[in-house]
Amino acid sequence: MAREILRRLRSWEGLLLVVLLVILAYNITRVPNFLTIGNQVNLFQLGIEKAIVVLIMTFVIISGEIDLSVASMMGLSAAVAAAVFEAGAPMPVAILVALGVGAGFGLLNGYFVAVVGLSSLAVTLAGYVGFRGLARLLVQDRSVGGFPEWFTNLGQRGLVGPLTLSILIFAVLAVIASVVLHRSGLGRLTYVIGNSAQVARYSGVSVARTKMIIFTMSGLISALAGVLMAARLGAVRASTAEGFELDIITVVLLGGVSIFGGVGSMIGVLLSTYLVLNLRNGLIIAGITGNTQTGIIGLLLILSVLVPNLAGRVQDRLRRRQVDPSMRAPPSGAAEPTRSQAAPG
Amino acid sequence: MSDAILRRVRPEQFREFILLFVTVGLLLFFASQIPNYFDPRSVNRLTTGLAITLVVAVGQVLVVLTRNIDLSVSSMVGLTAYVVGTILTRVEGMHPLVAAALAMAIGLALGAINGLIVAYGKVPAIIATLGTLALYRVVLVEFSGAKTVTTADLPDWLNDVPSATLASAGGYDLRLMVGIALLVAILGQLTLRYLPFGRRLYAIGSNPEAARTAGLPVQRDVFTAFALSGTLSGLAGFMFLVRFGNITVTAAQGLELQVVAAVVVGGVNIFGGSGSMVGALLGVLMIETLQQSLLRWAGISEFVKDAILGLLILVAVTADTIILGRLREMWVRVRRRDHARAQVAIADEGGVAHGA
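Residue numbers (the numbering used here), protein chains in the order written: chain S, 1 to 345; chain W, 1 to 356.
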């Protein structure tokens, strides 16, 4: 079983790599100097906030949960930072308050999921609606700008060479996330819980504590991404980052993480992050616009699960035929065993 | 809570009582805050407003009962409204019923695609319908070429339908659209209650594995639930076209969350297996009441609406889990005690008979 999963995982990342190379080749032939650092920085800058949230969403989904509230949290934290700044506080204080709000609401999400025992889909759906509502309450239908120059510079200009603060934060967080997920106790617990929360609980693992840490971090990192977005755009609206959750979840699942939890790797997710960035870039070159891009990524999302499923089924059927040539007609449900038909009512 | 009540009423039925109670309380509260709250015009506006959401919610309940979810409903509503609207502007003299049937057929096709991917492709519903939510919207954008269907191009009968009234008493109207929505909800409830298909949906959602082992046609039923959700979204798309006339490419965007919120607030378990159309109706009513009333309430900013809605979802889900869990425990205890008593009584009778 474990070997089977490992084998599929390995081939999944291989497939991602091949697709990535094809898209990369297209981009390189169509755009002069595509691989220069300047171009790559631009490529990352377009979706850097999503890429940051993708890292923590990987933990959430591997632990068998989902967080639909991340994009609304990004909007809320940007709105909080803007509102506190508008009220006369210095920008660093505004940023800290925004991060605090993110961690606080993340903890709240985690409490309702892990301690009260509600479905994370329902809890974070409430967050999805509610956080956006709070953002609307704070900035209403205005656009808040006029941030200090150092703040917007941080979002837009290179800090180390051409690399912006957001890209540096993403790089550091990507390393930390990889190490934590694959080399630490918390990472192991995330997989164990995702495989079976019940087994984990009976083995003496503190499921509630682990989930609360993950959801708190999800809130905190989404808030950080929201603040970075405010810095990059230089203005905050209530609709900041609206609809980002679809993209973020898509990238994670495309990276080979199972929506049921317990399976996935950071390498796969990083590959799919870079793949989707390149894909969007390629689609822009091909003259395909925002809404259609989202549709293509939606299609990709479905195919990323459907194709391995169908391939697995075909493989099963072939194998069964080899093992037992007398079995002519496979059962209609394909993967279903035949004994269900034999059982009398 | 007395045992006598628990003997008569299942815990799930309490849920509908509590919901009804809260909804009525909410209505009374707003009536005390907003002048002329119950005058015919505002009541008519409230009931018309919930018709479209209710039709979509009925389909959503069918899907959620099977432990799945359909997030693509808003795109199906928007796409159907746009396509049927465009056809009506080009083809003259099309009968309203034909147009409605066409809308439902388009919805059925879209829902069937969802059903195929989920039931037979074994793709988790949340992934499949997140994908088609984006895909169907793109089909709409590409199909439209960013043009808008406008009321002026539509046939005249379309303008009469929204105000068409089935019955009227003292200014309070039962609009045709509301009548259709209620009929759909009633048919849905009857299906869940009395048809084998409806009963199977509960069985599948309670335990898909057991349902499969018991020989239930799980794949077919899940497919049908998605197909029906699509068909009802198609009908809702037609109602959307009739009500608003002007259809842009963003038509009905965001409706999916309102519907899922209504269903969840209405006590349909997101993990499947429990819930009813009555609950969904109350959920839709509660959310629609809240949204329209907050807009009219002088003491409060209109921007607070979504924040309160989010809080409401959280409170509803929490209360549902905690209260219902408690009630279920009590119900099981009472049942067990009664059962034990009955056993003792039977044993006693047997003893007496032998003794004599």
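FYI, nobody ran anything at the bench for these hints, they're computed from the structure.
Everything numeric in this text was worked out from a predicted model, so none of it was measured.
From the three backbone atoms N, C-alpha and C, an ideal C-beta is built for every residue, glycine too.
Misleading hints may appear alongside valid ones.
What the hints assert, rightly or not - Covered by chain S, per the in silico footprint, the following chain W stretches (three or more residues, Cβ under 8 Å):
1. 124 to 133
2. 158 to 165
3. 223 to 233
4. 257 to 263
Hints, one by one, checked against the model:
1. 124 to 133: holds (count 8)
2. 158 to 165: Violated, because only 0 residues of the region 158 to 165 of chain W bring their Cβ atoms closer than 8 Å to Cβ atoms of chain S.
3. 223 to 233: violated (count 0)
4. 257 to 263: holds (count 3)
When each numbered hint is compared with the structure, violations occur for hints 2, 3.
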